[in-house]
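Asker: Letter by letter, the chains look like this.
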Amino acid sequence: MKKKTIISLVLGFAALMLILTGCGNGSSSKESSTTSKSSSSELSGKITAVGSTALQPLVEKAASNFQKKNSKVNITVQGGGSGTGLSQVQDKSVTIGNSDIFAEEKQGIDSKKLTDHKVAVVGMAPVVNKDANVKNLTMDQVKQIFTGKITNWKEVGGKDEKITVVNRAKGSGTRATFEAAVLKGAEAVKSQEQDSNGTVQKIVESTPGAVSYLAFSYMNDKIQPISIDNVKPTDANVETDKWKIWSYEHMYTNGTAKGATAKFLEYMNSADVQKTLVKDMGYISIQNMKVQKDSKGTVSSK
Amino acid sequence: MKQYNLNDSYITEIPGKRALSTKDLQVYYGDNHAIFDANLIFPRFQITSLIGASGSGKSTFLRCLNRMNDKIAKVDGQILYRNVDINSDKINVYEVRQHIGMVFQRPNPFAKSIKENITFALKNAGITKKDALEERLESSLKSAALWDEVKDNLSKSALALSGGQQQRLCIARSIAMRPDILLLDEPASALDPISTSKIEDTLNDLKKDYTIIIVTHNLQQASRISDYTAFFHLGHVIEYNTTAHVFTNPKMQATEDYVSGNFG
Amino acid sequence: MDNIQKKLQTKSKATFQDYFGKGICYLCIGMIILLVTCILYFIASKGIATFTKDKVNVFDFLTKTNWNPGATDSHGRPDVGALPMIVTSFSVTLLAAVLATPFALGVAIFMSEFSSKGGSKILQPVIELLVGIPSVVYGFIGLSVVVPFIRGIFGGTGFGILSGTLVLFVMILPTITSLSVDSLRAVPMYYREASLALGATRWQTIYKVILRAAIPGLLTAIIFGMARAFGEALAVQMVIGNAALMPTSLVSPASTLTSKLTTDIGNTVMGTLPNNALWSLALILLLMSLFLNLLVKFIGKRGRF
Amino acid sequence: MNAKKMDHLATGIIYFLVGVVILLLVAILSYILFNGVPDISWKFLTSAAQSFSAGGGIRDQLFNSLYLLLLTIIVSLPIGLGAGIYLAEYSTDNWFTDLIRTSVEVLSSLPSVVVGLFGYLVFVIKLNLGFSILSGAIALTFFNLPLLTRNIEESLRSVPNLQREAGMSLGLSHWKTTTKIVLPAALPGILTGLILSAGRIFGEAAALIYTAGQSAPTVDYTNWNIFSATSFLNPMRPAETLAVHIWKVNTESVTPDAKLISSASSAVLIIVILIFNLGARYLGNKLYKKITATK
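Chains as they are written, first to last, in my numbering: chain A, 525 to 826; chain B, 12 to 275; chain C, -2 to 302; chain D, 19 to 313.
Check each hint, because a few of them may be wrong.
Here are the simulated DSSO-like cross-link-like pairs (lysine-lysine), alpha carbons at most 27 angstroms apart as the crow flies [unchecked claim]:
(1) 50(C) / 34(B)
(2) 126(B) / 144(D)
(3) 756(A) / 708(A)
(4) 308(D) / 162(B)
(5) 167(B) / 308(D)
(6) 82(B) / 50(C)
(7) 782(A) / 799(A)
(8) 85(B) / 10(C)
(9) 126(B) / 10(C)
(10) 52(C) / 140(B)
(11) 153(B) / 144(D)
(12) 144(D) / 50(C)
(13) 34(B) / 101(B)
(14) 3(C) / 714(A)
No lab work stands behind these hints, which were simulated from the structure alone.
In isolation and in its complexed conformation, chain A is listed as follows (with noise of 0.2 angstroms):
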């Protein structure tokens, strides 16, 4: 028993040491990691990417497709939102950054550093509990109803039952496209905020009255998307821009990418992903869009 714990004990320090001074020595040789040689023909490198919860599983399937066809690149895939993604890309801490929102609106992170490559279009609507017995609203109505000034559903054609209003965590790019495309530089109310389309979808499935909005890919038959305007939330009408609350998925890299990572981002917008992968998770194909948005709001057509 002593003997063992003595063991143990050495091992355990042992380690730590080994671990400690390992560190040491990796932090000093770190590069950004994109070390492929361009002129070999098999490409290799170690590629981290780090961000947007919504767009991890996309790009987590993606890298393990991709990893496959060449075996010596390494792909690591992690969420941490948004925010950490842009933040960790600029430090050059990581290779790709992930996020659902434009860098140009993101306070502290320098866009100009920054190349955009966006990889898939999200569409987002609101969402309400089935037992306020609406479906249509006018985009004004959403405004009010999100503002604070419309609080019952009985104003709005439904049932005589009091709104509430969970909005997504301030900074989220959901909330972001949202309060772009419908409040319009209006100030949200104060109310419940949620930081997951899942725990969103939950919440407002359970809870009568509550009102929401969420990416297509979380609806379901237990909550009641709302047209705005007589527009349904469809795909098709987001690639025509007849429905106005959309945004798109984006992997930043600092500077231009390079080597494997350019390979690889190159193959998120291949036919294989964008045809595949990008409807099976729900989102738009970029391939799709007949418009095109900048990171003001300004829509043009392609």
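Keeping the supplied structure of chain A fixed, place chains B, C and D upon it in accordance with the hints.
Answerer: Leaving out everything else, chains B, C and D in the frame of chain A:
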């Protein structure tokens, strides 16, 4: 309680070889002065009893002799063993305890087998040869009069033994280290009369090879087994003489009251 | 000088064993202190930036009730008032502890004083099992059971301090219970024997002797429970409603320090005011638990004498 | 009211409290088990997770949880033992001991999300460990240490002083006495602490999201080379644990059967903790008996 002059004491001269002696020994527990100027000389190959009421300091004194009080009390003065002051900071206390063993009031065998109880400290002290260990095991258990009772199941847990057997195991464990001096702190107080008399017999046998210092509450026990007796009262050594003298012809009033049962 | 005299005065194997042992212990202690210093320094330096770099007034930060780090108020100062979160955090933690302590103590007394071995043999692993349930699972049970339950009884949305309290109550119950059991069991047997021998009833023995002797341990158990409640984020976040508003009742949506931190941290950019302000919340969290620790330590010390 | 009546009343109240707690425990556990157990199948346990389609399993997450537990114990147990031994055996009542105790308690009161972010910035980024099991294990050490240290200290203290005196009086060093006599006797108590902290490790999500990561790259269970990137033993690979997986499928995942996965995973988690709990107890008792030679 009667008031006695605590500075008055009778300490006899000890003839023959001395095993251990203390000089102006003081013990403090924090601000509490627990032992005052203890000057005692313990003769070799004799049994010395320390008697006195509860709280008289006899156990405290005993525990100083092999530095078991190091962590709990401040001990000033000298303890001389082989002309070395073993109360000095520079002394290797582990070595001291190998020469001055101790047995405690409550039996405290290790939660190990009988065999390991004896051999554990020996191995640690560098005795690793199997024969030597076996020899020590047998001889120490025999000296403690336990061998016949346990020789067939030495790998049994020591905790399965009876209280008296456990205490004899603890004695065997101490003498397996071949100490010079054996300190016993009321070794029989937690035991029944039969076990007690077995332990007393054991101590009588051990006397020829060991110097024994024993703290006891039991005056009959002290008079039965010991050659010398020291009487402690409120941290002072009041009287120290041959056992016969202390019990039949005490020099001090306090001693007389204590041994005759008129105390307090 | 003979051999033994020499040995008595020189260092032996045992001496070096002790040096070795002490060395190892100090190394471990050093490691812990290093970890604590690192994390304290880290959180402090990040949390203080709000006040040094972004020039937010500490007093305003602690007493204003409006939390909107992106915007500025009418005086052009950053709009960061953390009072709603502080109040809510305190409320849920204290309420959960107040609620959980009697239950935890009851179970602990049952396990250490009443039950035959069988009872505690079953209870103990079950209670330990509860510690291992991920907070997110508690959160979902809270969302699907507790919130509708509260809504059914008190009306409103069901989200708020009360739901948070109930979820935390279940989460800290095992922690307080198992630590309390430990400290009750550590009370020596002879205390009980002595008290019972004097003719005290079992309850008198428990109340006057055992509980009193175990006070420091019990207080520590409660602190550990409160610490867990303070620091819990994922579960609370799902049931408390996350509105950075001053709580007006136990059933109106509110936000704790941790839930605000968890919800927003991933969406802010390192080094900017919104991010620093969140770290300031973390710093408050830390200072609050530190203060609580010291307070209880003080009480514990007085209780002992 | 007389003492006898008081005694009855108090007994009644305690039975009531215990009853409520038991009811609560049973309710929670059966809620999780009833919702989850029917969906657990061999296939669920042994197939890899799916991102978008139904039918994914939890093979990698389950293994990662166990492996992370092992690594965390390897990192934190030695430190906890050392600190616990110091506090129980060597410390004296002074400011330094107070400082250590306060430090340990401060560690325990850190919110997991703060530790997660600290771990992310320091271990993952600064020390360049990346999103890895190792980063996760170090971060979890922060939670593990206080419980472990406190528990080891208490267990050591509960060993009667007589045992220490017995060892010391034979001339054994304090260290030997502690490690060979006191520690084995304290083993059952230490084990309880270990089990409790193991539960916490299994259940922790917030701190791991930022350190061990939330993706589980496919690993090769036949690759025993600990340094190979695809080896299941490589501590430097990112690893999503079961608790993180539950969090993920509930928050952002678009997997159609997210509900099934999360309830089944919760049930699996509880069953694993139960097995671990019983197993550790059984092994501990056996070990204790072996060391102490009691039959």
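Asker: Against each hint, give a clear statement of whether it holds in the structure.
Answerer: Consistency of the hints with the structure:
1. 50(C) / 34(B): Outside the cut-off at roughly 69 angstroms; violated.
2. 126(B) / 144(D): Violated, at roughly 55 angstroms.
3. 756(A) / 708(A): Since the Cα atoms of residue 756(A) and residue 708(A) sit roughly 21 angstroms apart, the hinted pair holds (cutoff 27 angstroms).
4. 308(D) / 162(B): 20 angstroms, holds
5. 167(B) / 308(D): 11 angstroms, holds
6. 82(B) / 50(C): Violated - the C-alpha atoms of residue 50(C) and residue 82(B) are around 52 angstroms apart, more than 27 angstroms.
7. 782(A) / 799(A): 25 angstroms, holds
8. 85(B) / 10(C): 26 angstroms, holds
9. 126(B) / 10(C): Roughly 23 angstroms between the alpha carbons, so the hint for residue 126(B) and residue 10(C) holds.
10. 52(C) / 140(B): Roughly 75 angstroms separates the two Cα atoms, so the pair is violated.
11. 153(B) / 144(D): Not OK: residue 153(B) and residue 144(D) at ~66 angstroms, beyond 27 angstroms, violated.
12. 144(D) / 50(C): It holds: about 23 angstroms lies between the C-alpha atoms, which stays within 27 angstroms.
13. 34(B) / 101(B): 18 angstroms, holds
14. 3(C) / 714(A): 82 angstroms, violated
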